[in-house]
Each structure stands twice: as C-alpha cells, then as structure tokens.
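Keeping their order, the protein sequence lines are chains L and E.
If you want our numbering, it's the 1-based position in the first sequence plus 6.
Oh and the second sequence: position 284 is 283 in our numbering, straight run, nothing missing.
These aren't lab readings, by the way, just hints derived from the structure by calculation.
Nothing here was measured: the structure is a model prediction, and the numbers come from that model.
Check each hint, because a few of them may be wrong.
As the list claims (entries may be wrong) - Just a few of them, taken from the derived set where beta-carbon distance is under 7 Å, the chain E residues facing chain L: (1) ALA35; (2) PRO37; (3) SER124; (4) ILE133; (5) GLY134; (6) ILE228; (7) GLY232; (8) LEU273.
Backbone N, C-alpha and C define an ideal beta-carbon position, used for all residues, glycine too.
The primary structure of each chain is shown beneath.
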Amino acid sequence: MRRFSWFNATSIALGFAFLYIPILLLVIYSFNESKLVTVWGGWSTKWYSSLLQNEGLLSAAWVTLRVAVVSSTLATILGTLAAIVLVRIGRFPGRTLFSGLIFAPLVMPEVITGLSLLLLFVAMNVDRGFWTVVIAHATFSMCFAAVVVQARLYDFDKSVEEAAMDLGAPPVKTFLQVTLPIIAPSVISAWLLSFTLSLDDLVIASFATGPGATTLPMKIYSQVRLGVTPEINAVSTIMIGLVTIGVIFASYTTKRASARQEREMKAVDAGAK
Amino acid sequence: MRRWLLISVPYLWLLVFFLVPFFIVFKISLSDIATAIPPYTPTFDWSQGLSGIGTFLSQLDFENYFFIFEDPLYLNAYWSALTIAAISTFLTLLIAYPIAYGMARAPKEWQPTLVMLVILPFWTSFLIRVYAWIGILKKEGLLNLFLMNLGIISEPLTILNTTTAVYIGIVYSYLPFMILPLYASLEKINPSLLEAAEDLGSPPWKAFWQVTFPLSIPGVLAGCFLVFIPATGEFVIPDLLGGSDTLMIGKTLWNEFFNNRDWPVSSAVAVVLLLVLVVPIVLFQRNQEKQREAGR
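Whenever a hint applies, use it, and build me the whole structure from the sequences.
So this is what it looks like as structure tokens:
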C-alpha cells in the first residue's frame, strides 16, 4: 500500500515494543540466578527445576488442563450451534434475546458472571468443583466461539450448501459433509480460543470452584499477592511458550487448509466452465 | 422441528447458565445476611407450599440497596470505576489508533503477520501480563532502575500501588481489543477516497479528519465498548497494581464476597453495576449488529 511513512513505521514499532517488552522481561528474569528481581545474578534454570518439586502448582496445572480441554470442547460445540442458528436461521421468535445472550458475556465484567453462576450453583444445590468450573468456562467461552465461527459462516459461499441439498442430501448430512469441512479452520480457532480463555481465567473460576479444584491462575494469584518470585516467572514462561507454539501452529495449519480449499474451489470452478 | 432442536440447545444453555443466574442474584440481593449455609436468609422452603411463598416474599426487601446508596464507599467505588474506565478507554484509543493506522497502511503482505502479533499477547494469560508489570513498576523495579541509570531521575518513582499503575495496566491489557476493531475498519477504507481528497487540494491532516476518521467510527465505537465495559468491573488490575486507596467496584464486590462473606450486599452491588452497564452493553450489541448488516 502507498504511503507507508516513517510515522506509520514508528507507531507500529513503538506499539509492538509496548506490547512485548513486559512479556520479554518476564521471560528473561525467569532465568535469573538471583531471587531478587532487580539483581541479575547470571543465567540459571534452577527455578524451573524447583517447579517440578512444587506439588501444589503441578496439581493445579493438571486441574486447569483438564478443565480447559473439557470446557473448550463443550464451548466449541455449543458455540458452533449458536453461530449456525444466528447465521442460517434468519428470524425466529426470541432471536433478539438470543443474540443479546451471545454478545453480553463478551463484555460482561467477570465478577458479575462469576457471582451469578456461583449463586445459581448454590440455589441448585450442586457440589462445587471440577464440573461447575467446566460449566462456567463453557458458558462464557461459547460466546467467543460463536463469534469466531459466525464470521466464517458469513463469508462462505452458501450455494455449495444449497447444491448439496438440491442433490437430495439431508440437512444433517449436508452439514457434516459440506459445511463442517469448510468452517473447520474457524472451529479449530474457536476451540483454541476457548482453551486459552479457560486456561487464563481467574475471577470466574474463583467463584465457581469448590474444594479440590484449585486452578493454576488461582494458585498463581495467591502467590503473586505475596510478591514477585522467579518461580512464578518460570511458570508464566512455560505457559507463554505453550500458547505461542499453539497459536503459531494453528495459524500455520489453518492457513494451509484454507489455501488448499481455495485451490480446490478454483479447480471445481474451472471444471464447471 | 429439527430447526427448533438446533435452536434450543445453545439457547437453553445460555438461558439456564447466563440469564437465570441474574434473577437469582437479584433475589439474593433482597435477602439478609445470615450465619448459615448458604449465608443468607430467607431461603426457599418447598415443603410449605403456597403459604411458604408468601412468607418468603414478605421477607425480601430493598435494605441492601439503601445500604449501598447511603455508604459513600460504594458510591465512590462506582464513580471511580467509571472514571478510571473512561480515562483508560480514551488513553487506549489514543495509543491504539496510530498503531492500527500504521498496520492498515503497511504493505499488504505484512498485514496478516502484524495482526497475528497483536493477537498473540491477548492469547497469553491476562494474569501473567498484569504480573509482568509489578516487576517493572515497583520501587526497586526495572523501570526505576532504567531511569536512574540514565540519570533522568535520582529518586525512584512510586508508581506501583497507585492509580497510575491501574491506568497502565488497563491500557496494556486491553490494547489488542482496541487495535483489532480499529484496524478492521481502517483497512476497509478505499485509498482512492484519500487520493481524491488530496487531488482536490486537501492537506493530509484535513483529509484524515474529514475522510479517514469518520469512516473509522464504527471501529472506534466497537473498540471503546470492548475496553470500557469490562474495565469498569475490572478486579485483577486494581487489586494487583492499584493501591489501597484505588477504589474500583469490581474489587469492592470481590472483597464484599470473599472477605466479608456478605452475599446479599455483593449481589446488590452486582445488580447496580449491571444497571449502570446495561446502556453501554445494549449500544455495543446494536453497533455489532449494524456493522454485520453493513458487512454483508
């Protein structure tokens, strides 16, 4: 594009420096030999090995991972259904309320969502723990998942679906064999987004949890309140590393998948002509 | 038939786990605190039948709301949460706009990478990103160390545990939410419009204010809502970066619930916060729907 001036270049550079320097410093200081944050005592990986001895942290990490896998799978299924309802089923009674219920959780302060879910669980008299956290996470993640899938459903060519239906494919079969493969990249990103949202959440989990289901963010939070320690930096670095690898991998595979799809579509188009 | 099945699954889920809970919050906000499990009274007793509903309803009152409105602590917390959220939304917009603008003007082949680089920090834990700032902002932290080594300051600045740190935290954490919608709307602007403005003799800053900025307003609005609404109820940032004098209603609610164990008052706090935010939330939803209609 024209006019990519020094002004534009500087604002991007400064902006990205602002976004990344704090994370970078955190990662660097996780390798600090010294316990003091400001004193550089040379490179060391001792905080990582001390993590392996920290049972509380490890079990919290295991709970978090399980919650994230289950809740993001639920959220992706529900969110995909919600996106199809919003995009493919035009008008139905209660649509405005439905789309409101999809958009409100995106911006709703977490303290409100958390408190209200807790009071629901108490009113229903369920034991709080693993499953209540899963339900809580699935509920707010499904809205993010719905938005991601919805965007993809809007811009794909509906005529492919219609062609399948015209050829006599029943709607469920059409969905599984035509629609789902086309929206698959967005379904994968919806799952990944839900997964990281769940991995990340402190506030809603704190309300929805019960005995025996302490998640990693809750553990980190209670240690952070006591001060900065290199051990927390090490846990954070591991989480950042995993997420970064996941995101890069996901964007690479979805890019390849959509490139292949486009090629196939072009081939079909060329064949039709 | 099948259509209704499809609609009902996500719909019922959201009704049960998102909408109904608000009514429960409202109900509990009308009860009184009690030393019991659950810690409020009255609780509903099914065994008494209809007369039970009568006595149940007669025990509800708006006492907790009067309490909130009489105690300046709560009103101050609401007010300062709103002002802190408004000021930080504005600061986020100021910082995000040039970045989004630069991204939209960058060579086409760079743009997906740039977008990806904006999203990446958003995927890394919110808590961790806030935590990173503690090490930077504290008295013997990296920022003070850096500035003192450069000789810009001789005494360390107190930034951590002040409202300034809360501003920094909010701007930093919510920046991607502002950049992305801004970029989406700036990227759509047809460059020939600006060329036309220039050909007609308009200086660049005037072309910006009269062409680019008005066309980016849907993105500005979406970004502002995405930052302002959650920031108003923010808990983690004021708790970890703010000081004891930094009042924000999200923190008040958390303390009321977890430290004072007063469920009815925290419910009332949540109901009032929701009422305060209902207007921006509805506006946000309308803005999203409108953009989608336009995008089709």
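Consistency of the hints with the structure:
1. With a least beta-carbon distance of about 12 Å to chain L, the hint placing ALA35 of chain E at the interface is violated under the 7 Å criterion.
2. The closest approach between the C-beta of PRO37 of chain E and any C-beta of chain L is roughly 5 Å, which is under the 7 Å cut-off, so the hint is satisfied.
3. The closest approach between the C-beta of SER124 of chain E and any C-beta of chain L is roughly 5 Å, which is under the 7 Å cut-off, so the hint is satisfied.
4. With 7 Å as the threshold, the beta carbon of ILE133 of chain E comes within range of chain L, its nearest partner Cβ sitting at about 5 Å, so the hint holds.
5. For GLY134 of chain E, the interface hint holds, since its Cβ comes within 7 Å of a Cβ in chain L; the closest pair sits about 5 Å apart.
6. Checking ILE228 of chain E against chain L: minimum C-beta separation of about 4 Å stays under 7 Å; hint holds.
7. Residue-level restraint check for GLY232 of chain E holds (minimum Cβ-Cβ distance to chain L is 2 Å; threshold 7 Å).
8. For LEU273 of chain E, the suggested interface contact is upheld, since its CB lies about 6 Å from the closest CB of chain L, less than 7 Å.
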